[in-house]
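> Sequence:
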Amino acid sequence: MNILTQAEIAAPIDEVFAALTDVGRFEAAATRRGAEVTRLCTRPEPGKGSTWQIRFDFAGKPYLLEARIADFARPQAITLHAHASGLDGVGAITLEEREPSRTGLAVSVNLRPRTLPARLLLQTIKLARARLTDRMEAAIGRIAQELEEGRLPDTGCSEGPA
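Quick note: the sequence shown uses the working numbering, first residue 1, plus one each step.
Errors might be hidden in some of the hints.
Taking CB as the label site, the calculated pair distances span [claimed, not checked]:
no. : residue 1 : residue 2 : range
1   : R114      : E146      : 30 to 38 Å
2   : E45       : K126      : 33 to 41 Å
3   : E149      : R129      : 28 to 36 Å
4   : P117      : E148      : 22 to 30 Å
Think of the hints as simulated: they come from the structure by calculation, not from any bench. Here the structure is a predicted model, which means the values were calculated and not measured. Heads up, the beta-carbon is just placed ideally off N, CA and C, and yes, glycines get one too.
All chains, full assembly: derive it from the sequences and hints.
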């Protein structure tokens, strides 16, 4: 199953990339929603190989997800590989500088089942595909709006090696 959403953001590509790689912000958001997030790497900044373990409930069942940054090309792209209960996923974030103060953003998620229970779970997710796409677009819209209004906090990301 593939989901793709795109947005145009009125902010420079470096600011957008910094906001999207502010992993502390995303870890805190997942924790507020009831997930237990554990960073498995010791590096302070995200980069290729950074890994997280995330425990959460979905449809009344507990899941353990492991996510790893597979590609980190500052400031154009990030690719995440994730595995959870027989389900493999690849998430890709691609940024394109349209003008010095405008950035194109594309986010894609591809999920593949490896087991029969995962196939059944994916069917449940497919039934909610429109709602899931709407939620993804809304989340990206909120990030875009916060960036455009200058409301995102300083991420503290430096241009160190990735």
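> Each hint: holds or not?
Okay, the hints, checked on the actual structure:
1. R114 to E146: 30 to 38 Å: holds, 36 Å
2. E45 to K126: 33 to 41 Å: holds, 35 Å
3. E149 to R129: 28 to 36 Å: holds, 30 Å
4. P117 to E148: 22 to 30 Å: 42 Å Cβ-Cβ, so the 22 to 30 Å window is violated.
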